[in-house]
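> Those sequence lines, one after another, are chains A and B.
End of the first sequence sits at 380 in the numbering used here; the numbers just go up one at a time, nothing left out.
End of the second sequence sits at 336 in the numbering used here; the numbers just go up one at a time, nothing left out.
It is worth saying that the hints were derived from the structure and are not from the lab.
Wrong hints could be hidden among the right ones.
[To be verified] Negatives, chain B to chain A, calculated, CB over 12 Å:
1) Asn27
2) Val101
3) Lys128
4) Gly142
5) Ile166
6) Phe312
[Unchecked claim] Just the calculated beta-carbon pair ranges, DEER-fashion:
7) A/Gly170 x B/Trp154: 30 to 36 Å
8) A/Ala235 x B/Thr221: 23 to 29 Å
9) A/Ile269 x B/Arg127: 41 to 47 Å
10) A/Phe335 x B/Ile97: 49 to 55 Å
11) A/Leu188 x B/Lys84: 54 to 60 Å
12) B/Trp29 x A/Ala235: 37 to 43 Å
Here the structure is a predicted model, which is why all the values come from computation and not from measurement.
C-beta: ideal position from N, C-alpha, C; glycine also.
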Amino acid sequence: MNAQHEKTAAVPFGQRVRDWWNGLNRFQQWGVLIPLVALLYLLPLINPPLLTTEPGTDFQIALFNAARFALIAIGLNVVVGQAGLLDLGYVGFFAVGAYVAALLTSPESPLRWDYPWIAVIPVAMLVTMVSGVLLGTPTLRLRGDYLAIVTLGFGEIVRLLADNVPGLRGNRGFQEVGRPELENAAGLPIFNSTNGTPWYWLTITIIIIVLVFVGNLERSRVGRAWIAIREDEDAAEIMGVPTFKFKLWAFAIGAAIGGLSGVLYAGQIGFVNNQKFDVVTSVLFLAAVVLGGSGNKVGVILGAFVISYLPDRFQEIAEYKYLIFGIALIVLMLFRPQGLLGARQRLLARGRQAYQKLLGKPEQIATESSMLDSKKGVQG
Amino acid sequence: MIQQLGTVLAQDSGSGIGFNVDLLLENFWANTVDGLSYGSIYALMALGYTLVYGVLRLINFAHSEVFIAGAFGIWFTFDALGFKPGPTPSLGTGEIIATLVLAIGVGMIVSGAVAVIVERVAYRPLRKRNAPSLVFLITAIGASFVLQQIFFVWRGGNAEGAIRIIRPTTQFEIFGARVTNVQIIVFLAALVLMFAADTFIKRSRLGRGIRAVAQDPTTATLMGVNRERVIMVTFLIGGLLAGAAALFYVMQIPSGVIYTGGFLLGLKAFTAAVLGGIGNLRGAVLGGLLLGVVENYGQSLFGGQWRDVVAFVLLIVVLMFRPTGILGESLGKARV
Numbered sequence: 001m002n003a004q005h006e007k008t009a010a011v012p013f014g015q016r017v018r019d020w021w022n023g024l025n026r027f028q029q030w031g032v033l034i035p036l037v038a039l040l041y042l043l044p045l046i047n048p049p050l051l052t053t054e055p056g057t058d059f060q061i062a063l064f065n066a067a068r069f070a071l072i073a074i075g076l077n078v079v080v081g082q083a084g085l086l087d088l089g090y091v092g093f094f095a096v097g098a099y100v101a102a103l104l105t106s107p108e109s110p111l112r113w114d115y116p117w118i119a120v121i122p123v124a125m126l127v128t129m130v131s132g133v134l135l136g137t138p139t140l141r142l143r144g145d146y147l148a149i150v151t152l153g154f155g156e157i158v159r160l161l162a163d164n165v166p167g168l169r170g171n172r173g174f175q176e177v178g179r180p181e182l183e184n185a186a187g188l189p190i191f192n193s194t195n196g197t198p199w200y201w202l203t204i205t206i207i208i209i210v211l212v213f214v215g216n217l218e219r220s221r222v223g224r225a226w227i228a229i230r231e232d233e234d235a236a237e238i239m240g241v242p243t244f245k246f247k248l249w250a251f252a253i254g255a256a257i258g259g260l261s262g263v264l265y266a267g268q269i270g271f272v273n274n275q276k277f278d279v280v281t282s283v284l285f286l287a288a289v290v291l292g293g294s295g296n297k298v299g300v301i302l303g304a305f306v307i308s309y310l311p312d313r314f315q316e317i318a319e320y321k322y323l324i325f326g327i328a329l330i331v332l333m334l335f336r337p338q339g340l341l342g343a344r345q346r347l348l349a350r351g352r353q354a355y356q357k358l359l360g361k362p363e364q365i366a367t368e369s370s371m372l373d374s375k376k377g378v379q380g
Numbered sequence: 001m002i003q004q005l006g007t008v009l010a011q012d013s014g015s016g017i018g019f020n021v022d023l024l025l026e027n028f029w030a031n032t033v034d035g036l037s038y039g040s041i042y043a044l045m046a047l048g049y050t051l052v053y054g055v056l057r058l059i060n061f062a063h064s065e066v067f068i069a070g071a072f073g074i075w076f077t078f079d080a081l082g083f084k085p086g087p088t089p090s091l092g093t094g095e096i097i098a099t100l101v102l103a104i105g106v107g108m109i110v111s112g113a114v115a116v117i118v119e120r121v122a123y124r125p126l127r128k129r130n131a132p133s134l135v136f137l138i139t140a141i142g143a144s145f146v147l148q149q150i151f152f153v154w155r156g157g158n159a160e161g162a163i164r165i166i167r168p169t170t171q172f173e174i175f176g177a178r179v180t181n182v183q184i185i186v187f188l189a190a191l192v193l194m195f196a197a198d199t200f201i202k203r204s205r206l207g208r209g210i211r212a213v214a215q216d217p218t219t220a221t222l223m224g225v226n227r228e229r230v231i232m233v234t235f236l237i238g239g240l241l242a243g244a245a246a247l248f249y250v251m252q253i254p255s256g257v258i259y260t261g262g263f264l265l266g267l268k269a270f271t272a273a274v275l276g277g278i279g280n281l282r283g284a285v286l287g288g289l290l291l292g293v294v295e296n297y298g299q300s301l302f303g304g305q306w307r308d309v310v311a312f313v314l315l316i317v318v319l320m321f322r323p324t325g326i327l328g329e330s331l332g333k334a335r336v
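Okay, chain A solo, but in the shape it has when bound (with noise of 0.2 Å):
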């Protein structure tokens, strides 16, 4: 396939730039990043003519929900195009997170505590990640389609209990849901409902913690394992890979980081009440997930920014968002089924690095990934 790529097409622009970056030391690579986070903390603040969502939307608080998006995106990127399970009701994780942190710290609720809002953090990434853990174990003996209305069904049963359990007040929610205590030089609270900066310098802070965090796992014999039971789930049983193990890892995984924007979320709005956890949210979820490009970081970080973007930019758009998004999937799985940004395929492109230096010559591999197969038929 190598062969034919390179007569029948040039190297794709995405391709150029992941090999140059690719290229670069780690030194370089730093050299780069750092001005570009710099430039991303900056961003509120600049507040850039064209990019700006204003007047409509409050810029802040629209790059605050782009970065939660992204965080969230991230978290079922670890599930869906790591580790190939398809995840129809990640809204749940996302749901069991905002109650979590309601619960705690709302004075409207009986459970609420006086320890600091940080601790609320990781209560509601544990408690996210056992019911993850509590969804995965029955479950991830299912494949594919099975899977993905088994998880459907859950992210319902999620909000349906939102709506039914009295304890959890319905639609009259919980008010004042706690956030970071700091307090500026004037004693007034730094994190509140109306300035959205500091909620986005977290986010951003959070999200880069847990993109080396991940990176990190991805690289790792976890990752491997992800990627293994992605490709051929099959074969990687047979070769030694305890796949419902590693499944219930990137479940938990993907949970615990869905849980843990779900905080955010509840923090910021300041209030919980079950009507934004449906299944279409979830969806959208998935959307911001294939639409930059599964299996891709930095892809899914995109598709989110795009998703959550674009109808706060042009507002006039907004109420037809759902449209706009449905028409923009199936024209995009048409033309584009890897999304904007492909796999990214590191860990494969350097075993094959390894495997050219060793023999001198490419090895011979018939497809690269399920997302990428397709090509072959747009080639061919």
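Given the coordinates of chain A, work out where chain B should sit on it, guided by the hints.
Using the frame of chain A, we list chain B on its own:
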């Protein structure tokens, strides 16, 4: 902490989760009758999911919108015939039959057409490119969004006014459970349609083609089966059944014609298909009826608001023990 959690869960237990065995036993037969009539709607829709899944290995998420398109078609038929939302008109038997036949015809045509169009526009181009199944699934979700939003843009976010053609009246009682004329019509008509679909798949030439493609698309093509035509017919049958289900739905829940109206029902119907063993026609029927009945028992046992939860918990429990559903996958296999 645990005690506190207990109080949270049990707060004003009037609206909380109940465990009312007496109510279940008392209403057992009423629930069964009710469940069967709801279940036959699930079953008809589940057939559509199961057929498409059997042939394409695709969860056709747009099927719920195919269904609600039929419901819109039926509503507009009623509207065009001069029936207005409000009290049920008193009609003669002949008039009722003529209206219902016309409505079911329109519903089936609309749903069938929408199903075939979705197949043409969204899925066929992907098949030409040999797209992997995740891509199909995302496209199906996209198609579902698009259809739903088209209805939304067209008719807005409010449900169409409820139009009833037949007033539900009790015809006879079984073990103290009242059986209404609407329930009888729905159940019997659904049974006839399901039987017709099963016979078509089992006996007709095209049906044999469908089974062949479900079993092994490549070999079927080599044996001279026109795969594209088979797929189109599969979508068409699914759509026709969904259109019929739409009439029964409008008869039971006249206020349900709204752009999101198909969503939960579609989800339940798919659940029913998976319960019975997706790709298995009889499984879909069994799953649909079972789901309808169990849901109603759950409603009595735990309280009305837990109805949907019961459905999804049942799905998870059944799949835990039988990962391919109660009867297993078998559109292509077995039954010659």
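> Now tell me if each hint is right for this structure.
Against the structure, the hints come out as follows:
Consistency note on B/Asn27: stated as away from chain A, and its beta-carbon is indeed over 12 Å from all of that chain's, at 20 Å minimum. Separation of B/Val101 from chain A is adequate, the least Cβ-Cβ distance of about 34 Å exceeding the 12 Å criterion. Its beta-carbon lying about 7 Å from the closest one in chain A, B/Lys128 breaks the requirement of being farther than 12 Å from that chain. Annotated as non-interface, B/Gly142 brings its C-beta within 12 Å of a C-beta of chain A; the closest such distance is 3 Å.
The beta carbon of B/Ile166 sits about 32 Å from the closest Cβ of chain A, which is more than 12 Å, so the claim that it is off the interface holds. A cut-off of 12 Å between C-beta atoms contradicts the statement that B/Phe312 is not in contact with chain A; the least separation is 4 Å. Distance hint for A/Gly170 and B/Trp154: a CB-CB separation of about 31 Å, consistent with the stated range 30 to 36 Å. As the Cβ distance of A/Ala235 to B/Thr221 is approximately 27 Å, the hint placing it in 23 to 29 Å holds.
For A/Ile269 and B/Arg127, the Cβ-Cβ distance of about 43 Å falls inside the hinted range of 41 to 47 Å, so the restraint holds. The hint said 49 to 55 Å for the Cβ distance between A/Phe335 and B/Ile97, and at roughly 50 Å that hint holds. As the Cβ distance of A/Leu188 to B/Lys84 is approximately 59 Å, the hint placing it in 54 to 60 Å holds. The beta-carbon spacing between B/Trp29 and A/Ala235, approximately 53 Å, falls outside the hinted interval of 37 to 43 Å.
Of the numbered hints given earlier, the model fails hints 3, 4, 6, 12; all others are met.
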